[in-house]
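Colleague: Each chain is listed here by its residues.
Protein chains: 6
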Amino acid sequence: MKQGIGYSAVGDTFDDFLLIKEATKGVASNGKAFLTLILRDATGEMEAKLWDATKEDESLFIAEQIIRVTGEVNQFRGKSQLKIMSLRPAQPTDGVQISDFVEKAPVEKAYLSEKLTEAIFEMQNPTIQRLVRAFIKKYQEGLLTYPAASKNHHEYASGLAHHIVSMLHVGRELHKLYPELNKDLLYAGIILHDLGKLKELSGVVTTSYTLEGKLLGHIPIMVEEIGLMARELQIEGEEVLILQHLVLSHHGRAEWGSPTPPLVREAELLHLIDLIDAKMNMLNRALDKVKPGEFTERLFAMDNRAFYKPLFEEN
Amino acid sequence: MKQGIGYSAVGDTFDDFLLIKEATKGVASNGKAFLTLILRDATGEMEAKLWDATKEDESLFIAEQIIRVTGEVNQFRGKSQLKIMSLRPAQPTDGVQISDFVEKAPVEKAYLSEKLTEAIFEMQNPTIQRLVRAFIKKYQEGLLTYPAASKNHHEYASGLAHHIVSMLHVGRELHKLYPELNKDLLYAGIILHDLGKLKELSGVVTTSYTLEGKLLGHIPIMVEEIGLMARELQIEGEEVLILQHLVLSHHGRAEWGSPTPPLVREAELLHLIDLIDAKMNMLNRALDKVKPGEFTERLFAMDNRAFYKPLFEEN
Amino acid sequence: MKQGIGYSAVGDTFDDFLLIKEATKGVASNGKAFLTLILRDATGEMEAKLWDATKEDESLFIAEQIIRVTGEVNQFRGKSQLKIMSLRPAQPTDGVQISDFVEKAPVEKAYLSEKLTEAIFEMQNPTIQRLVRAFIKKYQEGLLTYPAASKNHHEYASGLAHHIVSMLHVGRELHKLYPELNKDLLYAGIILHDLGKLKELSGVVTTSYTLEGKLLGHIPIMVEEIGLMARELQIEGEEVLILQHLVLSHHGRAEWGSPTPPLVREAELLHLIDLIDAKMNMLNRALDKVKPGEFTERLFAMDNRAFYKPLFEEN
Amino acid sequence: MKQGIGYSAVGDTFDDFLLIKEATKGVASNGKAFLTLILRDATGEMEAKLWDATKEDESLFIAEQIIRVTGEVNQFRGKSQLKIMSLRPAQPTDGVQISDFVEKAPVEKAYLSEKLTEAIFEMQNPTIQRLVRAFIKKYQEGLLTYPAASKNHHEYASGLAHHIVSMLHVGRELHKLYPELNKDLLYAGIILHDLGKLKELSGVVTTSYTLEGKLLGHIPIMVEEIGLMARELQIEGEEVLILQHLVLSHHGRAEWGSPTPPLVREAELLHLIDLIDAKMNMLNRALDKVKPGEFTERLFAMDNRAFYKPLFEEN
Amino acid sequence: MKQGIGYSAVGDTFDDFLLIKEATKGVASNGKAFLTLILRDATGEMEAKLWDATKEDESLFIAEQIIRVTGEVNQFRGKSQLKIMSLRPAQPTDGVQISDFVEKAPVEKAYLSEKLTEAIFEMQNPTIQRLVRAFIKKYQEGLLTYPAASKNHHEYASGLAHHIVSMLHVGRELHKLYPELNKDLLYAGIILHDLGKLKELSGVVTTSYTLEGKLLGHIPIMVEEIGLMARELQIEGEEVLILQHLVLSHHGRAEWGSPTPPLVREAELLHLIDLIDAKMNMLNRALDKVKPGEFTERLFAMDNRAFYKPLFEEN
Amino acid sequence: MKQGIGYSAVGDTFDDFLLIKEATKGVASNGKAFLTLILRDATGEMEAKLWDATKEDESLFIAEQIIRVTGEVNQFRGKSQLKIMSLRPAQPTDGVQISDFVEKAPVEKAYLSEKLTEAIFEMQNPTIQRLVRAFIKKYQEGLLTYPAASKNHHEYASGLAHHIVSMLHVGRELHKLYPELNKDLLYAGIILHDLGKLKELSGVVTTSYTLEGKLLGHIPIMVEEIGLMARELQIEGEEVLILQHLVLSHHGRAEWGSPTPPLVREAELLHLIDLIDAKMNMLNRALDKVKPGEFTERLFAMDNRAFYKPLFEEN
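Residue numbers (our numbering), protein chains in the order written: chain A, 10 to 324; chain B, 10 to 324; chain C, 10 to 324; chain D, 10 to 324; chain E, 10 to 324; chain F, 10 to 324.
The following block holds chain A by itself, in its conformation from the complex (with noise of 0.2 Å):
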């Protein structure tokens, strides 16, 4: 039986420790205080309340404050709610940190870094390769670290090269099926395409939108990124045209996020193959959480549908 908040059902008891994401302070109709507090591990998050709360509570109880708890999961409008019985904060003692609360991607920061530069390996076309291995060094730490989105999917640590890594497998495989497509294109585009989430997004633990995010968004920022570091490597051709082409268009469509829609090939590709990715990603996630003959909560991301198991599936 699997662990952790992500995996308890309504009726379950709880115990043990859990990170704060969230508290915020309310009044409850008898006039006292009460906290809503997002409790989060390495498998997901529940809210729990916390009634009649006092001053102290409210200076202990506040966001990234690691907590032991006891309660019981209860129901509340449809959804899980965590019945606090008794908390206490983190002592030094307890040996638990922030990084044990924050889901990871399932494989190690080694092996991607080793995949990423295996792909590099691989190009022929030394201006592409010159200016994709220049961006790997430019921002190899938050590379490997940051989410690649704030929800949805791979919103993980280091969920940004598992993305990455997991479509270069599929565009390797899909080079060799239709051997027509240019690897070194496919390979610089999928690398590239979303490096504009590390400027964003805020950062791994508590993810959000930076001002720069909000206002351009993280693809006409990858698009200046290439601009400036080709100029930076004095890199001129049309290489540099396309791979800002790939990046601006692989969002498909102007109503989301392209407002040039992909016209090479290689293009139209990066968009199916990122596509692929994201949704086995949320797909397997949420499949992971139910049983056969059983369908999962709604996915918003996958246009608010609930997806069946099927009975014969193994689990």
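Careful, some of the hints might be misleading.
[As the list claims (entries may be wrong)] Calculated cross-link-like contacts (lysine to any residue; reagent style SDA-like; alpha-carbon spacing at most 20 Å): (1) A:LYS34 x E:PHE85; (2) F:LYS113 x E:TYR187; (3) A:LYS124 x A:GLN149; (4) E:LYS185 x F:GLY53; (5) B:LYS185 x A:TYR120; (6) C:LYS192 x D:LYS318; (7) E:LYS192 x F:LYS113; (8) A:LYS318 x B:GLU306; (9) B:LYS185 x A:ASP297; (10) F:LYS298 x E:TYR187; (11) D:LYS124 x D:ASN134.
[As the list claims (entries may be wrong)] Partner residues are not named here, just some residues of chain F that face chain B (Cβ under 10 Å, in silico): (12) THR33; (13) LYS34; (14) GLY35; (15) LEU121; (16) VAL214; (17) LEU220; (18) LYS223.
Since the hints were derived computationally from the structure, they do not count as laboratory data.
Where is the CB? At the ideal position from N, CA and C, for every residue including glycine.
Model the placement of chains B, C, D, E and F on the given structure of chain A, informed by the hints.
Modeller: Just chains B, C, D, E and F now, kept in the frame of chain A:
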């Protein structure tokens, strides 16, 4: 230099056999009759005008007749048009036959048949395997000769099997990369998804829609076929329902012809693999006809986009 | 003055039997359990809260239990809510049964059955008549008891047959006014169009969607059923195809669930008659609950409009 | 076999009188002038070319001139075209007149007038009755001669009254089946809904849009007319407002020309009855021109669909 | 520091008079009654809860009652809420009156009236001038007191006239820059375009939609009014039609409420000036409440966008 | 009476110099070659046919050649066409040059340059001023000669600067009326918003899209340019980001080419001012060609509307 009408450019002369695909009589501004001919060989098709057509011409130059033509490629309203210098019906001694003028899949039927058998052999769920095998057997003839569509993608002899086998390759590799996928379901979905086209389309040479195709369409036709086959084989169980769902949902959205969207993981992926293979087929064939630095003609089924072939592409 | 929970207004007291449709446990801000009950009788339903619920309450007051309630109708977030004063489970000696609390069609099953028989009797095309008669026989039980939907219109016992018979009346009159219409086709389309709901919906009392309903939907289910029945009866001929088309197209547009739009005159009219009867059913029932000079509540299935009852209307 | 240009098929010869609806001069590729004529009789219209047109021809063959033509029906770009063999202007002694060449409603004006009177006679609300009667009186002449549109449906002399009377029949029967409907409102809505077309359209013979029709449209025109008439008759009360609402909302949705959607029961039904009668008119006339087993031409106002006439239909 | 409920932030204490805009009774989870009050002054409004409300409270604290409140601003579900410490009804001796609590245009009625007169004085076309003057006279009272809407923009006393006068300023300057514009038409369109709101909205203090407003809307109401006024003044000529068109088309598109789009130059510009003034009003008021470096709350009528105030803005 | 091909009506004779914009060879139905010429002067353009073209004609009458033509304006498929009577290439002695045949802005370059300088001079924020000045300097040549588009609005020499200067006038006046606006931001946004067109469009005489224009578009191009320029000038601070946002969002919506909508007050207004000036330019030029009481031709970029010029307009 590639030969054939599909590769002829404005200004080229032409002297070879062609098949009349359509012939329509018109009356010119001088009051004389003329014939508008759509002529084709295995590489493509072109319009031609036969001016001052006699009654005999009208009876000789009709659809499905092979002719010997000499002429010159002109431009008319932005499209190529063959200006006929001379023409005559083919003779038995010319040693040409209709099948020479029909575009064919770039692989052999035997290969396609073998790949289908291989996929079925890999299946482990006996219910799914039995159902798919029964369809392969029932439709073997049509399955290996039909196009996948009357236009747009894989619109050539054996195009349907070519599309299926190509998708099976993609499916096999994606299953390796995403092992959570149920390979049997995915393979079965790929093999069955478009079999309704055997009833929707009229045949191989001059492909049009049947009445059943117009009033029902290949998706509802195939959903029903699966139900009938299951009853015939006395198969029961959720597999039948899930396979019907895969076929029903493979266009992805109601407005694209799937009244129910994909609600099973493999159904979602089936839709994406179908997109990839159809688009790669369209793109590769359109880009094959242009030089680096040029744009293709507008591709209707790709939202009317013209695609660019980068200068650094090898042709 | 009309009696029943559906006609109770804010401020009214209530003292009668009700059926528990749903019961959900919650925990109040004082830490005590409470039950949220959806209570109904044949005129409608209302939410109620049972505060400070004991373990015994939790086991007594469950779905499908009939209870005797006294209470007062309050307003909560703009909706009526029953404030419970006292309640007890119904006793055998109370002489009440579940079927008393289910909304029913305003006409008898015998009448509905007779009208269906009459329509079949009027048909002249033997193929159509035979096929429709076979369906009536196969599904007679469900056809006369099922609702036409789980909500919105004709969502009550015998609602499906009520909807069909009402549409037959409209069809008969429109056939007189537009004699070009094929009455057999129109009648058959009306009788068959929604029969797939017998497999799509779970039953009469607590109607939900079956797995087959979710993954296929009543339209593809019924298209397949017609094919199977035709094969069983060894019926061939265009009639079968046209009837499948009528069912397939009766939602009018792809985005409304018909992958093929109506392409036969009677299919177009079937769609319009379905709209008329569904809308009249919704409007009449909503307007019945308001006084002249008032607006109804917003009707979700009518694009969320609230309808006005003119002052000069007799109530 | 039906007679007239509307029933002439490719290959037919033609020898009869026709009315010139439009005449446009062009210059052929040999530098000579030609006339493009749109010719019509009461059954339909066809394009024709008069080659090598002299100055005299240009002055003789103008719009609203009747001519005697012999010719042959050819096909040009997929449409029928009359190849003129000979033509001459009609003489007084030919005994033909423009009204012979205008399509007319299949019923007499007297009948239409009587039916309108009947409907008003059935009304019970004196305010509604008085207002409707005043409009019938004010517009009697136009109401009985105007088409209901310049194309698509009921686009023939007396088409407007024919449409109204046909809708009144449907309304009467639906009122019997749904007695909750207010018959007076429904009848008044039917009679008034399109009267604004008397100002929107230019007339009976060559119907086009007036300036008022283009800048306001028949719906706002008629809403204003009802207001003016009510003031003139010194009528007050909610009836006037509700009738204005029925006219305003009868296109059903903002994007179809009704800035307010139907918010009164009879307004919703008026919209649906309008759809039924317009569609039956279009479908019956299009299907009348094809044989069983054939499809009609594409009908622009029916979402460009081509409709099928089943083989088992009597013609 | 700006005073008033509209400028109170979470954590602030509050002690002043407020007007009750709405009062609704509820029952808390402890079974006791409470009142939900919407309280306002001239700067904005806030929700408040009065717990354990007695029967006397219910009768005292009703809509349009002024009260003296002390309390503290809390946050509830992301919105500010006033926690009431004490409250009492205002006394005559408090010297407060309802009009003190209604938001007002930032300019005086006398100024607005003068500016309207000025604009009419500038007109040269006597027909247009006469018609506009008649409306100003007819509606002078309402025109100077009504809001321009019940929410979103200029939703305060004299908001309608403020909107008109502000648009006249813009119109005057644009006429100088684009002298081809007909100033008379533009001015008349600006003054008349929203006058239908005097019948669409119920009044100044608690603004809601009238029945006429709901069933017709201000645009058709005003088109009719222009027709009636022209008849009354015995004015004829194209000016009347063009002015009706300007009013009818000023929402720009059918789906935004204009069944006819602008087809006259000044109509197109009227639509754009209306957008500019409405948006500037919304933006300026929302940005006035945030500091440089912050985003406003989401603005529903601006496609739900939150706007950013740059750091380098002076506050 | 205005002179030039743009003002020539059907039936007019023509005898003057024209520039060949395009020349395409075709083959007529008599088998002879002809040339389709697009001829233009500074007032507009018209198609012409040169029948029976010799090989010499083909080499003489090519794009960018000036010719002397006599002919007559005919109508062909609803459009004007020049019937050529005689033509000859222009001689050096004719004293005509290409620039005479290109449409130009109605104001001088010196004036435009001065107005740009004036605007920069008014700016107070040194960062914004410095950045804008650098762009004016970098692109001065192109900025004063380029059109604002290849068609639709300001599609003439110096059209870009004309559009900018006209928008600056509007911006200045709106800033006076809405003093909360930041004038520096507004001016900078106006000057920079379309500068990307200098890279998107190919030039002044025969304007088409560059490869960069097709694959990126002027908006992403300019966002990048601002980033590069800021780096070059070593400018940092929020001003750069806000200016990039203004450029990025100035089309207003994702589906119109702005992946991020306006989120800053001046960005919203920039979008509206751009609309006003583009639309006034299109409307004024189209209305200039028709008489009072007439409609313009349909304007594609104005949703295909034809605009009416009221009878009471002075021409």
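Colleague: Quick check: which numbered hints come out false for this structure?
Modeller: 4, 7, 8, 15, 16
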